[in-house]
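Reconstruct the complex from the two isolated chains, following the hints.
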Amino acid sequence: DAKTTQPTSMDCAEGRAANLPCNHSTISGNEYVYWYRQIHSQGPQYIIHGLKNNETNEMASLIITEDRKSSTLILPHATLRDTAVYYCIVRAYQTGANNLFFGTGTRLTVIP
Amino acid sequence: DGGITQSPKYLFRKEGQNVTLSCEQNLNHDAMYWYRQDPGQGLRLIYYSQIVNDFQKGDIAEGYSVSREKKESFPLTVTSAQKNPTAFYLCASSPGGGSGSFNEQFFGPGTRLTVL
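Chains as they are written, first to last, in my numbering: chain F, 233 to 344; chain E, 1323 to 1438.
Just so you know, not all the hints are guaranteed correct.
Facing chain F, according to a computed beta carbon distance under 10 Å, are these residues of chain E, among others [to be verified]:
1. I1326
2. Q1328
3. Q1359
4. G1362
5. Q1363
6. G1364
7. R1366
8. Q1378
9. F1410
10. L1412
11. C1413
12. A1414
13. F1429
14. G1430
15. G1432
16. R1434
Think of the hints as simulated: they come from the structure by calculation, not from any bench. If you're wondering where the values come from, they're calculated on a predicted model, not measured in any experiment. Ideal Cβ positions, reconstructed from N, Cα and C, are used throughout, including at glycine.
Chain E on its own, in the form it takes in the complex (with noise of 0.2 Å):
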């Protein structure tokens, strides 16, 4: 079956340590994109990236990092520097590119990262 997706599902990790959450999608898509969401609250944009070897940040970059060596691969670094971590962690992807269609974004299942 096409699609995201992210591991692991629920991720804790001591204060001061750096975390890599994955995200991986067979849609053949261009673009890929990482969100945080707290509790009640909305997504908001960490890092973005439209095409291999590319990423943009988003409205809250500082405290992560990404890289996109591989089209399926846009793995999230959390690390030490991201003051207050703990949330859940959304990866997506849409076709992007020129292909003139509507870029529906298509999300994963998300990863609960919890810091102690």
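If we strip away everything but chain F, and leave its shape as in the complex, we get (with noise of 0.2 Å):
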């Protein structure tokens, strides 16, 4: 599975738009990219995932790179629930069991 590098922490004001960066530079052709999120002490959630085309959906949108090498996962307005950790996965979607490395994330604060 490739590698992903994603910043260590990142603020955003409430009410702006949250842009948060993962480089994969080593992804492969078939691997998707995945985002969840954990918040303080729960469970991780998954928010959004793609392979090539952006992708938008409720509670977030995927923009990625034309080579595919980075992504960023925007909060379009972000609110102080969304004050968690963000982790960038890049997997080959396979049937059966899909495991997935949650790597340290981006720990992301939004500010009042």
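This is the structure in structure tokens:
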């Protein structure tokens, strides 16, 4: 699985867009980019995933560069409840158990 | 409501004792997972199971054991052989199988184990 690199921490003002970057320069053609987040002392929660096209859902948008070596998770209007650790994970889709490697992620703090 | 339950939320044990953490899901998922998380760290995979009566070691299986006798249940035993058992333990499940759909993992609330 491709390794990912994320900043350790970021701050964002409440109501502004939070842009969380992720580098995955060794990504393979069949590997997806997944984003999860973990609010303090809870289990991680799935946010979004994508292969090469940009994706949007009710929680966030995922922008993947054309060469797929990096991506950005966008929370369009950050709220205090978005304060969490955000994990960028790269893994090939497969049937059966889908083991994901959760690194240390980016700690996002939304400031009032 | 469908979901994953882990109990208890906090667990205290004396050193040298085995302890079993429960994980139950009613999502009808084939695959289940156990992770360990230490303060300020990411998640590390202990064991996973793709189907009933089958399970595989993850990255840090030493000192742990699991069973998968029922689809809904995947208990984790922390044995006395585990040198640093104090941690936050998370259970997850995913549809697995050959459904062809994205295998999002759904996590339980976690159990914080403290060994005294």
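**Study point:** chain F contact restraint for I1326 of chain E - C-beta distance below 10 Å
**Key:** This interface hint holds because 8 Å falls under the 10 Å limit.
Point to revise | Cut-off 10 Å, beta-carbon criterion: hint that L1412 of chain E touches chain F | key: 5 Å, holds
Check your understanding: Given Q1328 of chain E was flagged as interface, is its beta-carbon under 10 Å from a beta-carbon of chain F?
Key -> With Cβ-Cβ at 8 Å, under 10 Å, it holds.
Check your understanding: With a cut-off of 10 Å, does the beta carbon of G1362 of chain E approach a beta carbon of chain F closely enough for the hint to hold?
Key -> Hint holds; G1362 of chain E Cβ to chain F Cβ min 7 Å, cut 10 Å.
**Study point:** Interface hint status, F1410 of chain E versus chain F (Cβ within 10 Å)
**Key:** 7 Å, holds
Check your understanding: Given G1432 of chain E as an interface hint, is the shortest Cβ-Cβ distance to chain F below 10 Å?
Key -> 6 Å, holds
**Study point:** Evaluation of the interface hint that places Q1359 of chain E against chain F, nearest CB under 10 Å
**Key:** 8 Å, holds
Exercise for review: Answer holds if the nearest beta-carbon of chain F is closer than 10 Å to that of Q1378 of chain E; otherwise answer violated.
Suggested key: This interface hint holds because 8 Å falls under the 10 Å limit.
**Study point:** chain F contact restraint on A1414 of chain E - CB to CB distance below 10 Å
**Key:** 7 Å, holds
Exercise for review: May I ask you to test the interface hint for C1413 of chain E with respect to chain F, counting a Cβ-Cβ separation under 10 Å as satisfied?
Suggested key: 8 Å, holds
Review point. Does the interface hint hold: is G1430 of chain E within less than 10 Å of chain F, judged Cβ to Cβ?
Key: With a closest approach of 5 Å, the G1430 of chain E hint holds.
Point to revise | Hint status (Cβ of R1434 of chain E to nearest Cβ of chain F, threshold 10 Å) | key: At about 8 Å, which falls below the 10 Å cut-off, the nearest Cβ of chain F leaves the hint on R1434 of chain E intact, so it holds.
Violation of the numbered hints given earlier is absent; every hint is satisfied by the structure.
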